[in-house]
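Assemble chain B onto chain A, guided by the hints.
2 protein chains.
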Amino acid sequence: MAVFRGVVRLFVCSLALSLLAAPVALADEGMWTLDGLPLDLLSEKYGFEPDRAWLERAQLAAVRFNDGGSGSFVGVNGLVLTNHHVAVGQLQKMSSAERDYVATGFYAEKPEDEIPCKDLELNVLVSMENVTDRVRAAVKDDMDEEEKVRARDAVRAAIEKESMDATGLRSDVISLYRGGEYWLYRYRKHTDVRLVWAPEKQAAYYGGDYDNFTYPRYDLDAALMRVYEDGKPLKVEHYFQINPEGLSQGDLVFVSGHPGGSDRLRTVRQLERQREFFPMMLSLIDRAKQALNDYAKGGPEQARRAEVMIFGLGNAQKAMSGQFEALAGEAVMQDRRIVENELRAKVNAEPALKAEYASAWEDIEELFDKHGEEMRRRTMRQILTTPFGARMPGWAVQLVLHGEEIEKPDAERLNGYHDSELEELKFYLTAPIPVYRDFEAALMEFTFDMALEELHHDDPLRAIVKGLGTPAEAAKKLSEGSKLDDPGVRKALVEGGREAVESSDDPLILWARKVAPLIREQEKWTKANWQSVTVPANEQIARARFAVHGKSAYPDATFSLRLAFGPARGYPMNGTLAPYKTTLYGLYDRALGFDNKGDWQLPQRFWDRQDALDMKTPVNFVCECDIIGGNSGSPVINRDGELVGLIFDGNIESLAGNYFFDPEHNRAVAVHAAYIVEALRKLYDAAPLADELVGKEG
Amino acid sequence: MAVFRGVVRLFVCSLALSLLAAPVALADEGMWTLDGLPLDLLSEKYGFEPDRAWLERAQLAAVRFNDGGSGSFVGVNGLVLTNHHVAVGQLQKMSSAERDYVATGFYAEKPEDEIPCKDLELNVLVSMENVTDRVRAAVKDDMDEEEKVRARDAVRAAIEKESMDATGLRSDVISLYRGGEYWLYRYRKHTDVRLVWAPEKQAAYYGGDYDNFTYPRYDLDAALMRVYEDGKPLKVEHYFQINPEGLSQGDLVFVSGHPGGSDRLRTVRQLERQREFFPMMLSLIDRAKQALNDYAKGGPEQARRAEVMIFGLGNAQKAMSGQFEALAGEAVMQDRRIVENELRAKVNAEPALKAEYASAWEDIEELFDKHGEEMRRRTMRQILTTPFGARMPGWAVQLVLHGEEIEKPDAERLNGYHDSELEELKFYLTAPIPVYRDFEAALMEFTFDMALEELHHDDPLRAIVKGLGTPAEAAKKLSEGSKLDDPGVRKALVEGGREAVESSDDPLILWARKVAPLIREQEKWTKANWQSVTVPANEQIARARFAVHGKSAYPDATFSLRLAFGPARGYPMNGTLAPYKTTLYGLYDRALGFDNKGDWQLPQRFWDRQDALDMKTPVNFVCECDIIGGNSGSPVINRDGELVGLIFDGNIESLAGNYFFDPEHNRAVAVHAAYIVEALRKLYDAAPLADELVGKEG
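Residue numbers (my numbering), protein chains in the order written: chain A, 1 to 698; chain B, 1 to 698.
Keep in mind that the hints were calculated from the coordinates and are not lab data.
Treat the hints with care, as some may be off.
No copy is singled out in the list; a pair is fine if it fits within one copy or between any two copies.
[Stated by the list, open to error] Pairs of lysine-lysine, PhoX-like flavour, derived with a Cα cap of 25 Å: (1) Lys148 - Lys616; (2) Lys289 - Lys597; (3) Lys682 - Lys616; (4) Lys524 - Lys161; (5) Lys232 - Lys477; (6) Lys616 - Lys597; (7) Lys232 - Lys161; (8) Lys551 - Lys514; (9) Lys476 - Lys551; (10) Lys45 - Lys551; (11) Lys148 - Lys466; (12) Lys426 - Lys551; (13) Lys524 - Lys514.
Looking at chain A on its own, in the form it has when it is part of the complex (with noise of 0.2 Å):
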């Protein structure tokens, strides 16, 4: 369900809006800091009481994906266990049009086997540290609100450059409660990460997108890497032993990851100004479906090329139309006008409170009736200015911006170009990923297309876009000619800074220089007239909510490590109760009403080894822990800190859990442990990988 989380964060991004804190959870709500677990709310409805070790081991065992995803230690030589949907694009980076893993599936029978990933970061939270004292010092009564956005950015990218210089740790300092707090977290950071095994996809994403978001489910959406150190297996002290048998019915389980992002906390106003801006990305997301699957049909190897975009699009589509679905009905809104009406006559109840936070809420009004209409013009053409999915113009624009950047001092830059973030970006711009140029064509000239058609006549980015010919030229002229696929171009692009980009004749430079302004210009105008009003009216929303509330809620999701909890449970659908889990009978069930075909056809290896399978085996389950796009790979744990499931998707019902949770409804679907273990052993020839992950000497 994460693969696309990009294109879901680009999104959320793009509106720049920012929130307030939460309203008193009830039931098993919450995406919860490790800090700010509800130990009461656990240990008086569940008799639990978490100690210091399980704690830490659900800090420290569990890892962030850098590029979007979940994942965690589950052995002792560093062994990472996460979806295969996390793990697919560093698969589809390790293919080739002889060699396709994603097809085929892998497994390293000696530790030289194992591939390394060629643009893999994994992130180890190690510390939090409440920054935001330092924050709010930094950021004058004198200053007007355009120089208040930029102290904050300032005063964090500082921060951060601190830390890092002191600790050697990456450090990120990120906003909770939309702008109510800022904390200073440390990272341990992986970038030797080498593939172990993966399933072919057709047993990973069985049922392929339209069982995606479904329930109920029966995916081996599972992969397992090793992190090296030195050259060596990283010595692990925290890592989650898994135990194939350690779920039953209505047991209370736990997810240690990373959610994405969540709306939870916008005010009514923002939701309806978001829901207006779906059907501009739909379209937009199927339109590029088209494009893609226009060049799949060129053949195998194309198809190859885009199927984990494809996938990728797909799964944002399905998520976005619940999303959207959710926002156009009328029970989400409602829900959210009372409880933000309940908020609001508090705040004006109390003269105090009303004077210090009554206005945001008419802030928030005033600057979408002003700037709404053109700041829906800009999202469109921020979206366009670089090519939808293509890695040479990205780069190709980042170099030029990097070039620029680096001479200024740092609380001067532009965002993601501060000192604490240069080791970060050239890891990804220096990777020595497999580019396809007419991979790369295809996505240029669609969004060269979407650009002519979608934007104002008199837009700055379609008279680029217009100079270069003819999209289907531009994008020929752009891809052949650029040398960007070769790292070590890019590299030299990197380290030789401003001059040598200045002085390159490569047609992507030259097309990014045209658009680094527009980029510069964007950024401006954001934070002089957006983003001026929303932080600091989040920012009194979210204090408005402390002091009506208190501080007994979770915050929204930031892609930061939080705790959810809940019973493995079933729930009530079509008409009846879904079961809290599924098993191998099931799985081929579901091939053999399909007659074996499509989406449902099971590779031929679990029909050459169905007599081996014990039929029993759980395949997947549900479990009512509030998760969103983002936890997909984290594991799940039992009280003994177990790990008997992994995450992996949430049900259809649970897209409108972007908004609100609904504990009847909502699940979250994970891989139970048994069938990875009986999948290693049966399916996969890897016996030895299976008694790793269970605790047994080799």
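Below, chain B alone, put in the same frame as chain A:
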């Protein structure tokens, strides 16, 4: 799904709204009379041209279960296949505290072990004759509207009597197109019917009330009976051979059965009125279920006595909730409004049509405005006149009315007591079925309670109920004092006529003599004030429809023989696709998904004998055939006239099918023929029966 057709029928009848002809049928919609099949469509769309033998078999091998349900001959020796839930009433009547066939299932290894059904009448449609002209001729222009209603009923009874005397066949004059046409249907009648095989309810209704009306599904909802004549198995000329391998995905299949009633042609105003009735009916059902659940808590034998009715009420509740939801939403009403407005616009555009038909819709509106509220009160009284679900009070009322009515000329009698109906009446009145006084008392007390609560303070029925003491006292007195549980006593009262009834001091007879005048008054009021408007208005609308669309459509369902058709095909569900079939794998998956507990526990034999089963065996499947309650037990046949399945349900989406057919989502759910055969052989030690079904020599 049809167990409780009785309640639905009561509901539909008490609304006393009759209807009009169908619009031109689209897609594979339609419950077609066999003399009016859309042969052009079948030929053009499917290249299927049934020959005379195919059509004869489709008609003469189909069987109607007169108490509500369908079935078919499946062997030369009188073997009849139907649903377990159609047969279950008989199973219960054969059972006792010592031998509960509902719980254990039943199989007669030898012919002499077959158990006679106590009050079952099966019908086979042997001829159809259009008698519209004769019925219309009996209705004279100079009669007032009430006289016309009576004349119409009288001529129908006379035609039936004549036909019965002439042919010895059961003869029913039925209204098709809701008054558009009248037809004489003649049936062969069988009352010596014996149970051969039924599985335990846990296999038949696997998933219980939860899974009822849902799909994917895993039910063995089947039973086999044998028809006897003169003490020997009936030699059958027309029957369906079972072919366990006669179905593939997408195959065109047919359902030949007896849909009970549909409301697709009601006017919008009639649907709005029906919608208003649902809350009342749902509350009544809910409270009846509560009363029966309380009774069932009395012990295992009480639970056994109540379970079939509880299941039936659950079924009705789920069906009606779905129908109510359909009417409460905008989609159905909007669709109906469009269809109606089109018809009315075409009528109004043509002066001749306008003069003849345009007033009908207004007449109905006016009637509802004038008498709607009175009719609502009367409907409630009518429902509560005879204690809900109880046997003895119903017999008492019939005995009292029988005694009085048979002294009148046939044309003046209440419907139900015409000469042509007396044989059937006596059959049911004197059948030796078991009656449980405490169960009867529980139902009486519930109904009396409801009457005191729901009826207007000066309602005459209320006075009768109050005159009996408290509801509990009354129920005790009537149930304990009455001898009507004895079939001999009932027989004497039938044969003794009015004199025997009037001299009886049986407390239920005395009570029934007080109630009978209310029933007469209700019939009189309804004919004079309600049917006098609705019957001609509906007939006008029906004729308007013929005038505008021609007779190119199917009549609404009337529990008469119909043929539906469509491909076996899955459908979009829950964000993905439902498969066209399920298999034994899925049955075990669903059991284990619920830890083999509750409604999803598999009978022990399924575990003991699993190794013998071919797990790939298809269990249930769906097809696009247009069916509705009453179709339960209908054969699903292929182009070769082979039986490939057994209808037992519609999916939850099909509940709106009462009002319109949605080919995308509406599906009939059938037991696959292969499951029946596999289960007989491997689970029920009934290989000879399986051989008989597939036509192997015994």
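*Go through the copies and call it for Lys426 and Lys551: within, between, both or neither, with a Cα cutoff of 25 Å.*
neither (39 Å within a copy, 76 Å between copies)
*When no copy is named, should Lys289 and Lys597 be tagged within, between, both, or neither for a Cα gap of at most 25 Å?*
Close inside one copy (23 Å), not across copies (45 Å); limit 25 Å.
*Alpha-carbon proximity context of Lys232 and Lys477, limit 25 Å*: neither (44 Å within a copy, 90 Å between copies)
_25 Å Cα threshold - placement of Lys161 relative to Lys232_ = neither (29 Å within a copy, 97 Å between copies)
*asked:* Checking an output row: Lys148 and Lys616, CA cutoff 25 Å. Within, between, both or neither?
replied: neither (61 Å within a copy, 68 Å between copies)
*Lys551 and Lys514: within-copy, between-copy, both or neither at 25 Å Cα*: neither (47 Å within a copy, 71 Å between copies)
*25 Å Cα threshold - placement of Lys551 relative to Lys476*: neither (55 Å within a copy, 62 Å between copies)
*asked:* Reference check for the pair Lys45 and Lys551, CA-CA at most 25 Å: within, between, both, or neither?
replied: Answer is within: at 20 Å inside a copy they meet the 25 Å cutoff, but 66 Å across does not.
*For the identical chains here, do Lys524 and Lys161 meet the 25 Å Cα criterion within one copy, between copies, both, or neither?*
Within one copy only: 23 Å inside, 93 Å across.
_One pair to classify: Lys524 and Lys514, alpha carbons no more than 25 Å apart. Within, between, both, or neither?_
within (17 Å within a copy, 90 Å between copies)
*Using 25 Å as the alpha carbon limit, work out where Lys682 and Lys616 are close: within a copy, between copies, both or neither.*
Both: 14 Å inside a copy, 21 Å across copies.
*Pop the pair Lys616 and Lys597 into one bin, within, between, both or neither, using alpha-carbon distances up to 25 Å.*
both (23 Å within a copy, 15 Å between copies)
In this structure, the earlier hints numbered 1, 5, 7, 8, 9, 11, 12 are contradicted, and the remaining ones agree with it.
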